[in-house]
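For the record, the sequence lines run as chains A and B. Numbering follows the numbering used here, with no gaps: position 106 of the first sequence is 106. Numbering follows the numbering used here, with no gaps: position 374 of the second sequence is 562.
These aren't lab readings, by the way, just hints derived from the structure by calculation. Small disclaimer: the values here were computed from a predicted structure and weren't measured. We treat Cβ as the ideally placed atom computed from N, Cα and C, and that holds for glycine. Just so you know, not all the hints are guaranteed correct.
[Said to hold, decoys possible] A short list of chain A residues far from chain B (calculated; beta carbon distances all over 12 Å): (1) ARG36; (2) ALA38; (3) HIS60; (4) ALA84; (5) ARG86; (6) ALA87; (7) ARG134; (8) ILE140; (9) ALA169.
[To be verified] If you want the footprint, here are the derived chain B segments under chain A, 3+ residues with CB under 8 Å: (10) 370–381; (11) 424–432; (12) 462–469.
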Amino acid sequence: MTMTLHRKSDGLPWSQPDAADFNRLFFSYWERVVLRLAHILGDWDEAEDLALETFIRLYHRPPKDGANLAAWLYRVATNLGLNALRARKRRSQYENLAGVQVLEDDHRQDPAIIAESRLERERVRQVLSAMKPRSAELLILRYSGLSYAEVAATLGVAPASIGALLARAETEFEQLYEKATPAGGRRI
Amino acid sequence: MHLTEGEIRSYQDQQIDLATARRIETHLAACADCRSRAQALSERAQRVQARLNHLQIFPPQPIQPAAAHQRLMARLPEEMEEPTVIKKFVTSLSRPTWAVIALVAVLAISLAFPSVRAIANSFLQLFRVEQVRVISVDMDDLPGRMESSAQLEAFFSQNVQIEEQGEPQEVATLEEASALAGMPLRALAGEPVQYLYQPGGAATFTIDLELLRAVLREMGRSDVQLPDSLDGAVVKVQIPGSVISQVGDCQSSQRAGSADPDQRSLNKLSDCITFFQMPSPSVSAPPELDIAQLGQIYLQVLGMSETEAAQFASKVDWTTTFVIPIPQGSADYKEVQVDGVTGALLQFRRGSGPGYMLIWVKNGVVYVLSGFGNKNAALEAAAALK
Chain A
1 MTMTLHRKSD GLPWSQPDAA DFNRLFFSYW ERVVLRLAHI LGDWDEAEDL
51 ALETFIRLYH RPPKDGANLA AWLYRVATNL GLNALRARKR RSQYENLAGV
101 QVLEDDHRQD PAIIAESRLE RERVRQVLSA MKPRSAELLI LRYSGLSYAE
151 VAATLGVAPA SIGALLARAE TEFEQLYEKA TPAGGRRI
Chain B
189 MHLTEGEIRS YQDQQIDLAT ARRIETHLAA CADCRSRAQA LSERAQRVQA
239 RLNHLQIFPP QPIQPAAAHQ RLMARLPEEM EEPTVIKKFV TSLSRPTWAV
289 IALVAVLAIS LAFPSVRAIA NSFLQLFRVE QVRVISVDMD DLPGRMESSA
339 QLEAFFSQNV QIEEQGEPQE VATLEEASAL AGMPLRALAG EPVQYLYQPG
389 GAATFTIDLE LLRAVLREMG RSDVQLPDSL DGAVVKVQIP GSVISQVGDC
439 QSSQRAGSAD PDQRSLNKLS DCITFFQMPS PSVSAPPELD IAQLGQIYLQ
489 VLGMSETEAA QFASKVDWTT TFVIPIPQGS ADYKEVQVDG VTGALLQFRR
539 GSGPGYMLIW VKNGVVYVLS GFGNKNAALE AAAALK
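Put together the whole structure using the sequences plus the hints.
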């Protein structure tokens with residue numbers, strides 16, 4: 001489903017009555033944008049900050065074509081998330097892990113399982129940050145439920161090419177994942 | 189010529205047109221090489237999905253859109269104009285919650301109301317909402333999936349016909365609103381009261397079983413079984429016109445966002461009260477559909493386990509009860525006595541303090557009262573209705 005909104009032609013975005021549109025949009029998408037970022041980053045505060053950044057960008061530079069704002073929001077959020085993930089990779093792994101674990105621990109679970117799934121999550125994030133940015137983006141958009149048509153519109157490519165791009169991204173993901181697996185003896 | 193990886197992947201994801209799908213099916217049936225490649229691709233996609241699923245996390249606390257909105261407003265220039273009172277009311281509701289409720293209501297209505305106890309000689313059975321019940325559901329990323337579901341969009345565009353009977357209009361007096369709604373209205377205490385009349389409408393659903401199954405698949409719920417007897421069933425929902433009345437200072441409750449954040453907690457709670465009245469919506473559906481089973485499906489779609497859903501479904505009279513799903517963590521709810529009947533009280537936090545929403549059905553009319561404050565404030569406001 002898409003939500004359309006109108007932009008005033010005199011340059012200032014979201015003037016009245018569009019402020020109401022902007023607010024509506026915010027309340028419609030806030031939760032999903034934060035959740036998507038939280039999945040990518042595993043850090044709640046960082047996810048909220050980047051979600052705010054996403055909406056600030058929407059406010060200042062809304063897309064010219066307002067027809068598919070959901071796709072636009074997801075793309076900006078996914079990009080911000082992946083960029084943050086790559087920046088984080090450059091920082092200390094330990095510092096990173098310490099920051100993440102509090103959020104993700106489900107205290108009802110066995111500590112051994114928590115430790116294992118934390119490792120697994122970190123592995124997946126490493127792989128995403130090591131992938132070609134476009135492939136990682138495609139993978140996240142598709143696996144978070146967007147249709148091929150929506151992914152295509154979001155990335156600005158032909159819908160007919162998504163199947164092939166997706167297959168390629170999955171290959172890349174799997175190869176990097178295997179390299180990142182301890183049994184393979186190498187880390188990314 | 190063999191199939192490309194792209195063709196196979198699009199086929200597996202059901203993201204191609206029917207003619208292409210047929211062609212690929214025919215080819216796969218005849219080509220062992222492509223079949224084994226398709227198998228490998230499908231297994232790899234499942235592995236990738238499983239690994240990405242590790243990223244799913246539980247929010248450590250409920251997301252607070254209102255608080256986030258305040259933070260956002262503080263960072264944006266002042267040029268944002270204040271929307272009208274009624275628009276604010278709509279905005280002040282948590283939109284994701286209502287989007288989900290609306291979508292789920294559609295599923296609920298198309299699935300949950302029909303009865304086996306229908307009279308054999310009537311082709312269509314008519315039901316009215318007589319009571320509401322609230323369930324708390326862990327929706328996780330259900331809203332996202334629903335929103336982005338191409339199949340659901342297809343369902344709405346192909347199988348749902350909606351007739352609207354006009355635009356909402358602000359009216360000056362209770363009498364005028366009452367005349368438009370065609371029913372006597374209850375009045376909020378205090379003044380001045382603003383009124384908005386929302387004309388009714390009707391929605392007709394023709395159930396396309398294949399499409400519904402595809403929707404469930406896309407939502408990751410292919411475990412939910414839909415009975416074949418549903419196919420082709422036509423369900424019609426009549427939504428009568430409704431009236432929203434509003435009293436009190438409904439401006440400042442929203443304004444707090446752009447004010448000095450330190451002042452916010454010192455502000456006293458807004459006295460804004462919003463009151464919604466609508467004759468019960470009615471639903472007609474073929475009588476032969478299995479009620480308990482459909483209610484159970486509805487609950488499963490909302491994320492309940494099969495056992496939980498079966499247990500809950502057996503305790504609900506689906507012909508008269510509208511089951512409202514509330515995403516876990518977004519509100520507390522309890523049953524309360526209001527206006528001489530049992531109603532549902534939802535309590536949640538709004539931008540500048542605790543808020544309530546009180547829902548009850550009496551004499552064929554659905555009432556929703558919402559405002560700021562706790563349970564006592566809710567019951568006092570209800571008691572003050574004239």
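Hints, one by one, checked against the model:
no.	hint	result
1	ARG36	7 Å, violated
2	ALA38	6 Å, violated
3	HIS60	9 Å, violated
4	ALA84	14 Å, holds
5	ARG86	16 Å, holds
6	ALA87	18 Å, holds
7	ARG134	16 Å, holds
8	ILE140	8 Å, violated
9	ALA169	9 Å, violated
10	370–381	violated (count 0)
11	424–432	violated (count 0)
12	462–469	violated (count 0)
Of the numbered hints listed earlier, those contradicted by the structure are 1, 2, 3, 8, 9, 10, 11, 12.
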